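**Student:** Below, each chain spelled out in residue letters.
Protein chains: 2
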Amino acid sequence: MKCMKIFALPAILLAGGICLGQTKSAEPVAIEDFKPAVSNQPGKEYPQVNSEGRVRASISAPEAMKVQLDMSGVKYDLRRDSSGVWMGDSNPQDEGFHYYQLWIDGAAVPDPGSLYYYGAMRWGSGIEIPAKDQDFFALKNVPHGQMREIYFPSKSTNSSRRAFVYTPPGYDMDKTKLYPVLYLQHGWGENEYGWPNQGKTNLIMDNLIAEGKTKPFIIVMTYGMTNDTRFGGLRTFDINPFQTVLVDELIPYIDTHFRTLADQSHRAMAGLSMGGFETRLITLKKLDIFSHIGLFSGGSISMEDVNNVAGFKEKIKLVFVSYGGRELEHRRNNRRGPFGGDPKENTDAIKAAGINAHFYVSPNTAHEWQSWRRSLYFFAQLLFKY
Amino acid sequence: MKCMKIFALPAILLAGGICLGQTKSAEPVAIEDFKPAVSNQPGKEYPQVNSEGRVRASISAPEAMKVQLDMSGVKYDLRRDSSGVWMGDSNPQDEGFHYYQLWIDGAAVPDPGSLYYYGAMRWGSGIEIPAKDQDFFALKNVPHGQMREIYFPSKSTNSSRRAFVYTPPGYDMDKTKLYPVLYLQHGWGENEYGWPNQGKTNLIMDNLIAEGKTKPFIIVMTYGMTNDTRFGGLRTFDINPFQTVLVDELIPYIDTHFRTLADQSHRAMAGLSMGGFETRLITLKKLDIFSHIGLFSGGSISMEDVNNVAGFKEKIKLVFVSYGGRELEHRRNNRRGPFGGDPKENTDAIKAAGINAHFYVSPNTAHEWQSWRRSLYFFAQLLFKY
Numbered sequence: 001m002k003c004m005k006i007f008a009l010p011a012i013l014l015a016g017g018i019c020l021g022q023t024k025s026a027e028p029v030a031i032e033d034f035k036p037a038v039s040n041q042p043g044k045e046y047p048q049v050n051s052e053g054r055v056r057a058s059i060s061a062p063e064a065m066k067v068q069l070d071m072s073g074v075k076y077d078l079r080r081d082s083s084g085v086w087m088g089d090s091n092p093q094d095e096g097f098h099y100y101q102l103w104i105d106g107a108a109v110p111d112p113g114s115l116y117y118y119g120a121m122r123w124g125s126g127i128e129i130p131a132k133d134q135d136f137f138a139l140k141n142v143p144h145g146q147m148r149e150i151y152f153p154s155k156s157t158n159s160s161r162r163a164f165v166y167t168p169p170g171y172d173m174d175k176t177k178l179y180p181v182l183y184l185q186h187g188w189g190e191n192e193y194g195w196p197n198q199g200k201t202n203l204i205m206d207n208l209i210a211e212g213k214t215k216p217f218i219i220v221m222t223y224g225m226t227n228d229t230r231f232g233g234l235r236t237f238d239i240n241p242f243q244t245v246l247v248d249e250l251i252p253y254i255d256t257h258f259r260t261l262a263d264q265s266h267r268a269m270a271g272l273s274m275g276g277f278e279t280r281l282i283t284l285k286k287l288d289i290f291s292h293i294g295l296f297s298g299g300s301i302s303m304e305d306v307n308n309v310a311g312f313k314e315k316i317k318l319v320f321v322s323y324g325g326r327e328l329e330h331r332r333n334n335r336r337g338p339f340g341g342d343p344k345e346n347t348d349a350i351k352a353a354g355i356n357a358h359f360y361v362s363p364n365t366a367h368e369w370q371s372w373r374r375s376l377y378f379f380a381q382l383l384f385k386y
Numbered sequence: 001m002k003c004m005k006i007f008a009l010p011a012i013l014l015a016g017g018i019c020l021g022q023t024k025s026a027e028p029v030a031i032e033d034f035k036p037a038v039s040n041q042p043g044k045e046y047p048q049v050n051s052e053g054r055v056r057a058s059i060s061a062p063e064a065m066k067v068q069l070d071m072s073g074v075k076y077d078l079r080r081d082s083s084g085v086w087m088g089d090s091n092p093q094d095e096g097f098h099y100y101q102l103w104i105d106g107a108a109v110p111d112p113g114s115l116y117y118y119g120a121m122r123w124g125s126g127i128e129i130p131a132k133d134q135d136f137f138a139l140k141n142v143p144h145g146q147m148r149e150i151y152f153p154s155k156s157t158n159s160s161r162r163a164f165v166y167t168p169p170g171y172d173m174d175k176t177k178l179y180p181v182l183y184l185q186h187g188w189g190e191n192e193y194g195w196p197n198q199g200k201t202n203l204i205m206d207n208l209i210a211e212g213k214t215k216p217f218i219i220v221m222t223y224g225m226t227n228d229t230r231f232g233g234l235r236t237f238d239i240n241p242f243q244t245v246l247v248d249e250l251i252p253y254i255d256t257h258f259r260t261l262a263d264q265s266h267r268a269m270a271g272l273s274m275g276g277f278e279t280r281l282i283t284l285k286k287l288d289i290f291s292h293i294g295l296f297s298g299g300s301i302s303m304e305d306v307n308n309v310a311g312f313k314e315k316i317k318l319v320f321v322s323y324g325g326r327e328l329e330h331r332r333n334n335r336r337g338p339f340g341g342d343p344k345e346n347t348d349a350i351k352a353a354g355i356n357a358h359f360y361v362s363p364n365t366a367h368e369w370q371s372w373r374r375s376l377y378f379f380a381q382l383l384f385k386y
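Residue numbers (our numbering), protein chains in the order written: chain D, 1 to 386; chain G, 1 to 386.
Hints may be right or wrong, so weigh each one.
Repeated chains share a single entry, so a pair holds when one copy, or any two copies, can fit it.
Here are the simulated lysine-lysine pairs, DSSO-like style, with alpha carbons at most 27 Å apart [unchecked claim]:
id, residue 1, residue 2
1, Lys140, Lys155
2, Lys286, Lys132
3, Lys140, Lys285
4, Lys286, Lys313
5, Lys213, Lys140
6, Lys44, Lys215
7, Lys66, Lys132
By construction, these hints were calculated from the structure, which means they are not laboratory data. From a predicted model like this one, the values you see are computed outputs, not experimental measurements.
With the hints as extra help, turn the sequences into a complete structure.
**Tutor:** Below, the structure is given as structure tokens:
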């Protein structure tokens with residue numbers, strides 16, 4: 001059985017969380033149709049995935065005594081063959097993207113076969129379990145936007161800071177057109193590479209735009225843990241340092257250097273997990289800056305918010321709240337809600353009060369990237385509709 | 001002593017090459033001033049580098065029997081402390097960037113402390129040994145250009161192909177200005193991430209432009225091993241598949257989607273190692289497409305080329321040839337030249353014949369990235385001078 005990852009703060013904000021690892025052998029493989037994962041490095045045969053969603057890892061370690069595959073909170077023992085190559089399988093995994101690692105005689109290391117992603121506070125292995133709906137983030141022969149790495153000056157942190165900026169297809173062709181902007185945040189232990197890499201942001205948007213399902217808009221992604229030079233703690237979390245970078249430094253830079261519709265009605269903020277937490281804190285304080293709010297696995301907006309924040313009803317044009325089905329189920333079974341109340345009930349209540357509010361549940365996924373890719377996919381289709 | 005990497009094809013084209021690894025212990029450390037490498041993952045204490053250029057690696061592997069640091073062709077044994085943490089040092093390394101890896105009980109794995117780079121046909125560890133001239137590729141508070149990830153359609157390979165496009169500071173501000181373009185290629189076993197990541201292309205250009213040392217121009221980087229789906233072989237190397245992608249597909253796409261000066265006199269091609277080999281083959285066949293040629297550790301242009309290629313003298317405005325000092329020395333000591341003759345003698349000869357030709361030697365570096373960063377730095381200052 002799966003190790004659940006959704007307990008409380010900070011675990012609830014930890015994307016691709018780590019919990020107390022069990023050690024076990026996988027159940028017998030039912031279907032021997034393993035293929036190299038699409039998230040492998042070019043030409044690498046392992047790791048592989050089968051149609052049950054099991055992961056088969058393999059590494060040559062002729063002098064090792066013990067090798068394990070560590071994913072979704074479980075360590076699976078690999079077996080050694082006579083040539084010193086170790087191999088072993090996991091139990092079936094949820095569809096979508098998962099962080100993982102290998103253990104070799106007590107050392108936790110990236111799998112040399114996988115591509116690397118930043119999450120759980122390190123660059124390390126990730127693997128893609130094919131999803132039934134993976135077409136929405138596939139690389140297709142459609143017009144493509146650009147993912148731009150930029151550096152913007154930040155006085156408050158005395159640094160040049162990196163951001164990624166997605167510009168939609170055609171941005172460079174019609175040089176007079178102006179675009180709305182979505183500011184999109186990663187989760188705890190992740191960074192500004194999360195949405196471009198494991199989030200597949202550019203492909204999701206390229207495909208939506210090609211199908212005419214969303215208006216073209218710009219997406220800006222930057223590092224959201226500005227307040228913590230130790231790269232971690234949530235106990236000392238203070239939104240102000242990041243809010244200053246985002247609102248006082250990044251937004252003016254983007255509005256100067258990109259062709260934006262530079263007003264409140266064309267500016268959205270969203271985030272996953274801790275990024276949702278940040279989105280909620282910042283947007284509720286900055287109703288004159290943002291008009292559209294997206295919270296992916298990161299809390300909700302309650303009637304208390306609507307009533308207490310002056311101007312909310314007039315100024316906020318969209319509230320989108322989403323969760324992975326598995327994390328929502330776990331949350332309800334445990335009757336806890338660190339962000340105040342059940343998110344579906346909260347969203348229903350503000351909708352009944354006249355807010356343009358939407359609640360989305362990602363089927364059969366936990367507090368992981370497949371939930372957030374789907375959230376972006378549905379959120380984007382609701383944005384800037386006026 | 002160092003393991004030399006510059007022998008013959010394909011070794012001469014292998015960036016950050018791998019040769020028969022010796023196993024040894026490092027000489028005693030002279031200076032105990034180790035600091036975390038600037039190429040480490042955020043917050044990671046190891047690997048470290050001291051002022052001699054030694055690398056100190058460390059990893060927790062309590063159950064391991066043998067752990068080694070493998071760099072520049074030598075495997076250094078690490079020693080285990082009572083808590084199961086292994087640590088050990090290399091001999092002094094050349095300044096600049098080096099690929100490396102760890103061995104844990106016979107498994108070759110990335111170091112969990114380092115950032116990862118694509119080279120030697122894998123994403124793996126790299127480390128930066130501080131260079132005396134590192135200021136030229138430092139991140140400074142100057143106007144920054146953008147590094148854009150694009151996908152362009154390729155009929156010849158039936159795919160959407162990735163390229164990175166550097167646009168200089170100000171590109172988005174003056175929407176009428178047109179720019180020259182440099183097409184810049186990686187080496188064997190590397191890919192289109194090489195120049196943006198370990199090459200520091202954007203920072204080198206941002207700094208040069210801020211100091212007024214180069215004209216602003218666009219740089220385009222794409223994958224150059226189009227001909228080999230097995231990601232490797234040079235024996236079967238055929239330039240035509242890549243030439244088709246570059247000349248017939250990528251260049252027209254760039255000229256349509258970016259504000260380029262879309263003619264021969266404003267178009268350059270350069271490459272390192274195998275990328276120089278490709279540059280030489282393509283530019284000599286395509287004098288009507290390119291006017292400026294840069295070969296970094298990848299051959300030279302001889303009088304035979306100048307005499308045999310019709311129109312060379314009239315059409316080619318710059319030939320820049322460079323090598324790392326250590327590889328050039330080794331090459332001369334061994335009296336071999338797979339690209340025909342001594343590159344300095346060839347360059348002197350075509351210069352005497354009236355070609356605008358330049359020869360640069362990177363001091364105290366081998367067939368590695370510090371040679372190529374410096375080559376780009378000096379090449380850029382000579383480009384598009386008319």
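**Student:** If a hint holds in the structure, say so; if it doesn't, say that too.
**Tutor:** Hint check:
1. Lys140 - Lys155: between (40 Å within a copy, 13 Å between copies)
2. Lys286 - Lys132: neither (38 Å within a copy, 47 Å between copies)
3. Lys140 - Lys285: For Lys140 and Lys285, the Cα distance exceeds 27 Å both inside one copy (40 Å) and across copies (33 Å).
4. Lys286 - Lys313: within (14 Å within a copy, 63 Å between copies)
5. Lys213 - Lys140: Classified as within; 16 Å inside a copy, 41 Å across copies.
6. Lys44 - Lys215: Answer is neither; intra-copy 38 Å and inter-copy 42 Å both fail.
7. Lys66 - Lys132: Answer is neither: 35 Å inside a copy and 44 Å across each miss the 27 Å cutoff.
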